[in-house]
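Chains as they are written, first to last, in the numbering used here: chain A, 24 to 136; chain B, 4 to 114.
None of these hints come from the bench; they were simulated from the model.
Glycine residues also receive a C-beta, built at the ideal position from the N, C-alpha and C atoms.
Hints may be right or wrong, so weigh each one.
Said to hold, decoys possible - Derived lysine-lysine pairs resembling DSS-like cross-links, with alpha carbons at most 25 Å apart:
no., chain 1, residue 1, chain 2, residue 2
1, B, Lys113, A, Lys36
2, B, Lys64, A, Lys123
3, B, Lys64, A, Lys49
4, A, Lys36, A, Lys123
5, A, Lys49, B, Lys52
6, B, Lys71, B, Lys52
7, B, Lys52, B, Lys64
8, B, Lys113, B, Lys64
9, A, Lys123, B, Lys113
As the list claims (entries may be wrong) - Which chain A residues stay away from chain B? Per the calculated CB distances, all over 12 Å, these:
no., residue
10, Gln64
11, Arg78
12, Asn94
13, Asn102
14, Leu106
15, Leu111
16, Glu120
17, Gly130
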Amino acid sequence: DAGVTQSPTHLIKTRGQQVTLRCSPKSGHDTVSWYQQALGQGPQFIFQYYEEEERQRGNFPDRFSGHQFPNYSSELNVNALLLGDSALYLCASSLPERGKTQYFGPGTRLLVL
Amino acid sequence: AQSVTQPDIHITVSEGASLELRCNYSYGATPYLFWYVQSPGQGLQLLLKYFSGDTLVQGIKGFEAEFKRSQSSFNLRKPSVHWSDAAEYFCAVGLNNDMRFGAGTRLTVKP
């Protein structure tokens, strides 16, 4: 049973560029959430996708956007990158009901120079 | 303000000693509660969770946690720590569709 997978594992970008990160959920899961984890901090919720719609959003600017595909996989897009966007980006999948356990992927480490 | 607090940034214990990691939350209703572990450069692995019922929950790798409503706490314990337990531990609260995490506690295990 494949768990949550993310690609790429590492990425280096420069300020002002755009980046796309990808996530495939655990088998049987249809809900995908994205988190940003800055160095030395806990993960911060960016948004959640269910039925190809953004269901809830955390306190992140519109530069952060996403998409969910019919096969439940998801993308996170970040435009106009800032140095402060450097972080580990984690994807988590779950079933849609409230409080369902979220299972995390290994993350994509983004470095913005 | 709603929050998850892990008071200890860093804890060092000797291998074989007992461990308790503290977690306090500040939310109106009893939330869903989780403990995750993160090894360096890795994602988060679920150790255990509490939704309702028995307030003492058992998890993987010999960990357990106790929910105390009166103290708004969900502390993680292990009777005998192994060197492989060295990692970052995160307490989290499950809300409507998102999770709120504490800042984490880094565990170092001395030989």
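A/Asn94 and chain B, when compared Cβ to Cβ, separated by more than 12 Å: holds (21 Å)
25 Å limit on alpha-carbon distance, applied to hinted pair B/Lys64 and A/Lys49: holds (22 Å)
Hint consistency between B/Lys64 and A/Lys123 [alpha-carbon to alpha-carbon, up to 25 Å]: holds (21 Å)
Pairwise hint evaluation, B/Lys64 against B/Lys113, where the allowed Cα distance is 25 Å at most: This hinted pair holds, its Cα atoms lying about 18 Å apart.
12 Å cut-off, C-beta based - A/Glu120 kept clear of every residue in chain B: Label violated. Min Cβ-Cβ 10 Å, cutoff 12 Å.
Agreement of A/Lys49 and B/Lys52 with the hint, judged by alpha carbon distance not exceeding 25 Å: holds (18 Å)
Least C-beta distance between A/Gln64 and chain B, which was stated to exceed 12 Å: Its Cβ does come within 12 Å of chain B, the nearest being 6 Å, so this is violated.
Hint consistency between A/Lys36 and A/Lys123 [alpha-carbon to alpha-carbon, up to 25 Å]: violated (34 Å)
Verdict on A/Arg78 as a residue remote from chain B, using beta-carbon distances over 12 Å: violated (6 Å)
Least C-beta distance from A/Leu111 to chain B larger than 12 Å: Given that some Cβ of chain B is not farther than 12 Å from that of A/Leu111, nearest at about 8 Å, it is violated.
Proposed proximity, A/Lys36 with B/Lys113 (alpha carbon, max 25 Å): Between B/Lys113 and A/Lys36 the Cα gap is close to 38 Å, so the pair fails against 25 Å, i.e. violated.
Given pair status - B/Lys64, B/Lys52, alpha carbons within 25 Å: With Cα atoms ~14 Å apart, B/Lys52 and B/Lys64 stay inside 25 Å; holds.
Comparing the model with each numbered hint stated earlier shows that hints 1, 4, 9, 10, 11, 15, 16 and 17 do not hold.
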